[in-house]
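Visitor: Listed below, chain by chain, are the residues.
Protein chains: 2
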Amino acid sequence: MSGKGEFGFIRNRLAPLAAGFKGALGLADDAAVLTVRAGRELVITADTLVEGRHFPEGTDPALVARKALRVNLSDLAAMGARPVGYMTSVVWPSSATDTLRNGFADGLASDQEIFDIALIGGDTTSADGPWVISVTAFGEVPAGKAMTRSGAKPGDCLVVSGTIGDAYLGLRIAKKEFSPSAEDRAYLLERLELPVPRLALADALHAHAGAAIDISDGLIADSRHLAVASGLSLEIDLDALPLSDAARRWLGDQDDTQAARLALASFGDDYELACAVPPARVDTFVAELRKAGLGATVVGVFAPGDKVQVFSGGAPVEYGAGGFTHF
Amino acid sequence: MSGKGEFGFIRNRLAPLAAGFKGALGLADDAAVLTVRAGRELVITADTLVEGRHFPEGTDPALVARKALRVNLSDLAAMGARPVGYMTSVVWPSSATDTLRNGFADGLASDQEIFDIALIGGDTTSADGPWVISVTAFGEVPAGKAMTRSGAKPGDCLVVSGTIGDAYLGLRIAKKEFSPSAEDRAYLLERLELPVPRLALADALHAHAGAAIDISDGLIADSRHLAVASGLSLEIDLDALPLSDAARRWLGDQDDTQAARLALASFGDDYELACAVPPARVDTFVAELRKAGLGATVVGVFAPGDKVQVFSGGAPVEYGAGGFTHF
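Sequences listed follow chains G and E, in order. Going left to right, the first sequence walks through residues 1 to 327 as the UniProt record's numbering numbers them. Going left to right, the second sequence walks through residues 1 to 327 as the UniProt record's numbering numbers them.
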C-alpha cells in the first residue's frame, strides 16, 4: 500500500482494517498476497464513486465508504461469489478534514465486519478535485461456476429479488422532490444509501439460475443486458413489479400509474439481482430465497429472438432508453 | 466492467485489450474471473495517478497510461511476481476529448503487448476534476515465495539495480530547471516518463534475495523501509551510487557534489529495485542481473539495530526526510 504523505492515516486507521488478513502484510509492503483455495476461482470487480456525481457533496463519509464497498459486493453477488477482501484507492479533496477521513475509515470498519471481509491494500493520495473512491473487491467461486450474464435460455423466467424502485424514490427524497411519512422516508433513503448486496443468494443461484446481473442501471436496462448477452428476446411485465409498501403508497398518489411504474423500473441503484431461472426451478428458487428472508418475483420471460419489450395491461409500453441518471 | 455513458469507448477501445483473456468476459459482465494455477499465489497492487499531481497537465495520454501501468508492474517486480493482468478505473475530466481517450487506450495497448498482460476489467466515469487513473495489477508467485520488505538479515548487502537519480534529472528538465544535451535530455525524460519495471529480476530475487522494494520515493526513503520492516540498521554509501553517463555529466557540473548525490538518492520515480542479498550471494546475484542486461551495485549493508545512516567519504551525511516531492 502506498500513499505519499498519508502514512499516518494508513498506519493508524487503515492498517487495523487489514489486521485479520495475513496476505495484506499490514498494508506495509509493495503489494498484497492472496491465496485461492484449490478448486476455486477468483472473481474481481472494480467500481468508482465520485463526489458530486455518484453521491452529493456533504454526504456522511461513513455512508460513502459503505456504499462504495456495497456496490462492489453487489457485483460479486451477481456472479454468485463469496467475498474475500477488497482494496481501496482514494483521492481525497485538498479540503479533506480528519472528520472526512475518519468517517470513511469508520464506514469501512463497520461494513467489513458485517460482510466478513478485510482490507488488503490500495492507495491514497489527494488532489484539487472531487473526492474519488475506487474499490476493487475479490470473491471466490467454485471453479467454472461464476454466474455470468450470458447463460439465459429460451423459456427461462426473469426473477428479481426484493423490491424494485425504492432507491429511485430515495433519490427523489434526497432531491426534495418527494416528501413521504417519516417512516417511509427513512426506509427509502436507507435503500438508496445502504443497499444490501444480495450475497445470500449465492447457493440458490448456483443451484438453479443460468444467468444473473445486479440492478445498478435499472431493472429494464440491466435485464436487457441479460437478454443481449444471452442472445435472446425478453418480455418484461411491468404490472408484476415487486414493490415495497412505501413504493406502493407513492404509486397510489400518482395520476399516471403506468408512467410511475416505468420510472421505478427504469432508474438504478436498487442492487437487487435479476436472474434467469428455468420455469421448472422457479418455485424452488423462490422458496429458497424466502428462506433467506428475501422476496423473489417473476417479472418476465426469455424467448428466442433479439427484442426486449415491456408490457402493461397486456399491451407493449414505450420504455425509451430505460437508463439510469444519477442525482 | 461498468461505465455509465461510456459503453461505446469500452466496447470499441477497451474490450479489444481484454480479448485475449477469457476470464475478462469481454468486459461485458459484472466482474472478471481469474484462475490461479496450483502452487501459485496471487500478488495484487494498486496505484493511482492524478493529473496535476503525478504528471503535468497536457502530458501525452499514451505516456500517462503506460506509466500508470508500469508503476504497478514495478510493485509486482518488487514482490518477484510475474504479471498476469490488470484492471483500470478512470475518472475522465469533463473536458476529455477523443484524443485523450484514444491516446490512453493506445498506451495501454502498446504496453500490454510489451509486458504480455491483458486488461481484465475496471470502471470508467467522468467528473469535473482532474484526470484520475487507478490501476490494479495482478501477478503470480510460487506459493509462499512473495518477496517482502521484511526479510533482510544482519550482514545482508543493499543492492540496487540499474542507475539512480535519472528520473530526478528528468523531472528537473520537465520543470525547465536543467537543460542538458539533446541526447541526455531524451534519455533522462524517458527514464522519468517510461520507467522499466524490473520484472526480469524475478528469478534472481527468488534465488538469492531476502527482501526487495521498488524505488518510488527515493533510494534512501525506500531502503529505509526495508530496514524498518526488517528491524535492522542500514548504512548507505552515497559514493557508491550507480549513475548513468548523463547523471555523471550533470554531477560534474555541480559545485557541491555531496549535496548533488544526496538529491539523486532522495528523489523518487527511479523504479529500480533495492534488494537485501547475503554477502556470499552478491557476486552471483550481480552476475545474473548482468546476464539480464542490467547493472547491479552494492550501495549499503544491513546490521543489527534501528538506525539508517548515509555516508560519504567515510563520514555520516545529514539526509533529512529523504522523501519524494512530486513535480
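Among the clues, some could well be false.
[To be verified] To be clear about the criterion: a stretch of chain E counts as covered by chain G if any three or more of its residues have a C-beta under 8 angstroms from a C-beta of chain G, and this derived list gives those stretches: (1) 33-47; (2) 87-98; (3) 133-147; (4) 156-170; (5) 190-201.
[What the hints assert, rightly or not] From the structure, some residues in chain E lie toward chain G, with a derived Cβ separation under 8 angstroms: (6) R53; (7) E57; (8) D60; (9) A62; (10) D123; (11) P130; (12) I213; (13) D239.
[Said to hold, decoys possible] Residues from chain G that keep clear of chain E, each with C-beta distances beyond 10 angstroms, as calculated: (14) G23; (15) R53; (16) H54; (17) R101; (18) I114; (19) T125; (20) D128; (21) F138; (22) G139; (23) T148; (24) R149; (25) D214; (26) V301; (27) Y319.
I should point out that these hints are in silico values taken from the structure, not numbers from a laboratory. Every residue, glycine too, gets a C-beta built ideally from N, C-alpha and C.
Visitor: For G:G23, is the shortest beta carbon distance to chain E beyond 10 angstroms?
Guide: Given that some Cβ of chain E is not farther than 10 angstroms from that of G:G23, nearest at about 8 angstroms, it is violated.
Visitor: With chain G as the partner, please determine if E:R53 meets the hint condition of a C-beta pair closer than 8 angstroms.
Guide: Hint on E:R53: holds, closest Cβ of chain G at ~5 angstroms, below 8 angstroms.
Visitor: Would the hint on E:D60 be counted as holding, given a Cβ-Cβ threshold of 8 angstroms to chain G?
Guide: Violated, because the Cβ-Cβ distance from E:D60 to chain G comes to roughly 20 angstroms (cut-off 8 angstroms).
Visitor: Was G:Y319 rightly flagged as not at the interface, with every chain E Cβ beyond 10 angstroms?
Guide: At roughly 18 angstroms from the nearest Cβ of chain E, G:Y319 sits farther out than 10 angstroms, so the non-interface label holds.
Visitor: Checking hints one by one. Is E:D123 an interface residue toward chain G, by the C-beta closer than 8 angstroms rule?
Guide: holds (5 angstroms)
Visitor: Against chain E, does G:I114 keep a CB gap of more than 10 angstroms to every residue?
Guide: holds (20 angstroms)
Visitor: Confirm or reject the coverage of the segment 190-201 of chain E by chain G under the rule of 3 or more residues with a beta carbon closer than 8 angstroms to the chain's beta carbons.
Guide: violated (count 0)
Visitor: Holds or violated: is the Cβ of E:P130 closer than 8 angstroms to a Cβ in chain G?
Guide: holds (5 angstroms)
Visitor: Taking a Cβ-to-Cβ distance below 8 angstroms as contact, does the segment 156-170 of chain E have at least three residues touching chain G?
Guide: Answer violated; 0 residues pass the 8 angstroms Cβ test.
Visitor: Just want to verify: G:R149 was marked as not at the interface with chain E; is every Cβ pair farther apart than 10 angstroms?
Guide: violated (5 angstroms)
Visitor: Are all C-beta atoms of chain E more than 10 angstroms from that of G:R101?
Guide: holds (16 angstroms)
Visitor: Does G:D214 really sit off the interface, with its C-beta more than 10 angstroms from all C-beta atoms of chain E?
Guide: Non-interface label fails for G:D214: nearest chain E Cβ at 6 angstroms, not farther than 10 angstroms.
Going down the numbered hints, you'll see the structure goes against 4, 5, 7, 8, 9, 13, 14, 15, 16, 19, 20, 21, 22, 23, 24, 25, while the others check out.
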